[in-house]
Amino acid sequence: MPQLIFAVVLLALFAIELLGPVQAHVIQPFTGAIAQTSAILLQTFDSAVQAEGIVLRDAMTGAAVSIQPGCNGVEALICVIAAIVATPAGWKYKLTGIGLSFVAIQALNLIRIISLFYLLQWNPTWFEWAHLYLWQALIILDGLIVYLLWVRMLPPTPPVPEQLAATEGHADATPPD
Amino acid sequence: MPRRPIDRFLIATVLWLAPAFTVWYLLASVLLMPIAGWVQVVLTQGFGYAIVAVEQQGTMVDIVTRFVMAAPTTGAAPPNAQGQLVFSINALKYAYGLPLLVALTLAAPTAIGEKLYRVVMGSLLLLPVPVWGITCEALKVLVFQMGPGVAGQMGTTPFTRELLALAYQLGYLILPAMTPILLWAAFHRDFLRELLPQARRATPPAVTGE
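Protein chains in written order, with this note's numbering: chain C, 1490 to 1666; chain V, 3 to 212.
By construction, these hints were calculated from the structure, which means they are not laboratory data. The C-beta atom is built at its ideal place from N, Cα and C for all residues, glycine as well. Mixed in with the good hints, there may be bad ones.
To be verified - Simulated restraints, written as ranges between beta carbons of each label pair:
| hint | chain 1 | residue 1 | chain 2 | residue 2 | range |
| --- | --- | --- | --- | --- | --- |
| 1 | V | G48 | C | I1494 | 23 to 33 Å |
| 2 | C | F1519 | V | M71 | 56 to 66 Å |
| 3 | V | L29 | C | A1596 | 30 to 40 Å |
| 4 | C | A1513 | V | Y51 | 31 to 41 Å |
| 5 | V | P21 | C | A1513 | 16 to 26 Å |
| 6 | C | A1596 | V | R6 | 14 to 24 Å |
| 7 | V | G149 | C | G1509 | 40 to 50 Å |
| 8 | V | F161 | C | M1490 | 29 to 39 Å |
| 9 | C | D1535 | V | E57 | 21 to 31 Å |
| 10 | C | L1621 | V | V122 | 19 to 29 Å |
| 11 | C | D1535 | V | L29 | 36 to 46 Å |
| 12 | C | H1514 | V | G149 | 51 to 61 Å |
Said to hold, decoys possible - Just so you have them, the derived chain V footprint on chain C, three or more residues with Cβ under 8 Å:
| hint | stretch |
| --- | --- |
| 13 | 1518 to 1531 |
| 14 | 1542 to 1549 |
| 15 | 1582 to 1591 |
As the list claims (entries may be wrong) - Pulled a few chain C residues facing chain V out of the computed Cβ check, cut under 10 Å:
| hint | residue |
| --- | --- |
| 16 | F1495 |
| 17 | A1552 |
| 18 | A1553 |
| 19 | Y1607 |
| 20 | L1630 |
| 21 | V1640 |
| 22 | R1641 |
With the sequences and hints as input, model every part of the structure.
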């Protein structure tokens, strides 16, 4: 059942993300906010960096990166949300997990964007390599890490009555941490 | 060395990523051969009215179509020249799940023989992911990027175009990253139970054998 919930939630959220109005009113503004945040962070040590919509640009060199779908962390977040929703836990824990996942994935995504911005100016070949392969893997790995740590935070699920009956006499069960 | 298994596993995974990606990239031309072969089968058998052949060129896959188009005026071709429509797809952007799976598998504390078995099985089970991605990109290029003349001959409807767009995005944005994680989790259920005490405590001792 959790596998089915995971697949359904994943596909549903992904389909919703691709809808035109969602792209126009949620994803594009959100991606623009990521570009703005990246620019603010970069301007603390590099005043030439500017954000224009979803484009991050170096005013001195003209080098620019455009933050496209797949580079805004939304897909990785969708995967983690689907996994969290499919995991048996109270909604308070699930919402906490989703919030933590959002922070963790977006924090690493900012590092990705900033690193790619400078990598592009240093070596376009390495930029392509990091952009298309390495960072994609690192972001989903980040999602996996957050999910594993979240599951460790969960309280133990009480066993169902049938299982309790089967374990009578096992009073030395492992106590919770 | 970190005390908790989860910390050891996470650090080992990150450390294994660099060599896994390096070896994967060096062997990419060989590793992509079965993928290009399957793409050839799917596209020429399923869409033979549009695609004649699929040819691997290193890490690129060339899609050779039946469509004839005017040659670009900026090239060396003579005026009014025509040519067969061929375009290239970067196959690696759908195949990076393999080094991720390898890094995760090597980081998990299993016997070397078991790691090898899981890597081989995992790489076989991962094959459909890049095949799906490349196939959908080839069809997307023909339906959405080559103009109404080519799109009209692909015989699509508004519904199948929406479906193709969804399948392409799924094959590009979700499947290459998500599938290795799911395969790894399926191969390492025992280790996951060790990593996640919650999962262990959720099941009574008599069932787990604790």
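A quick look at each hint next to the structure:
1. G48(V) with I1494(C): 23 to 33 Å: Cβ of G48(V) to Cβ of I1494(C): about 32 Å, so the range 23 to 33 Å holds.
2. F1519(C) with M71(V): 56 to 66 Å: violated (39 Å)
3. L29(V) with A1596(C): 30 to 40 Å: For A1596(C) against L29(V), whose Cβ atoms are near 33 Å apart, the range 30 to 40 Å holds.
4. A1513(C) with Y51(V): 31 to 41 Å: holds (36 Å)
5. P21(V) with A1513(C): 16 to 26 Å: violated (43 Å)
6. A1596(C) with R6(V): 14 to 24 Å: At roughly 22 Å between Cβ atoms, R6(V) and A1596(C) fall inside 14 to 24 Å, so the hint holds.
7. G149(V) with G1509(C): 40 to 50 Å: violated (22 Å)
8. F161(V) with M1490(C): 29 to 39 Å: Because 30 Å falls inside the window, the suggested range holds.
9. D1535(C) with E57(V): 21 to 31 Å: violated (44 Å)
10. L1621(C) with V122(V): 19 to 29 Å: holds (25 Å)
11. D1535(C) with L29(V): 36 to 46 Å: holds (38 Å)
12. H1514(C) with G149(V): 51 to 61 Å: violated (30 Å)
13. 1518 to 1531: Answer violated; 0 residues pass the 8 Å Cβ test.
14. 1542 to 1549: violated (count 0)
15. 1582 to 1591: violated (count 0)
16. F1495: holds (9 Å)
17. A1552: This interface hint is violated because 22 Å lies over the 10 Å limit.
18. A1553: violated (21 Å)
19. Y1607: With a closest approach of 19 Å, the Y1607(C) hint is violated.
20. L1630: At 7 Å from the nearest chain V Cβ, L1630(C) passes the 10 Å test, so the hint holds.
21. V1640: Holds - the Cβ of V1640(C) comes within 10 Å of chain V, reaching about 5 Å at its closest.
22. R1641: holds (6 Å)
Checked against the numbered hints above, the structure violates hints 2, 5, 7, 9, 12, 13, 14, 15, 17, 18, 19; every other hint is satisfied.
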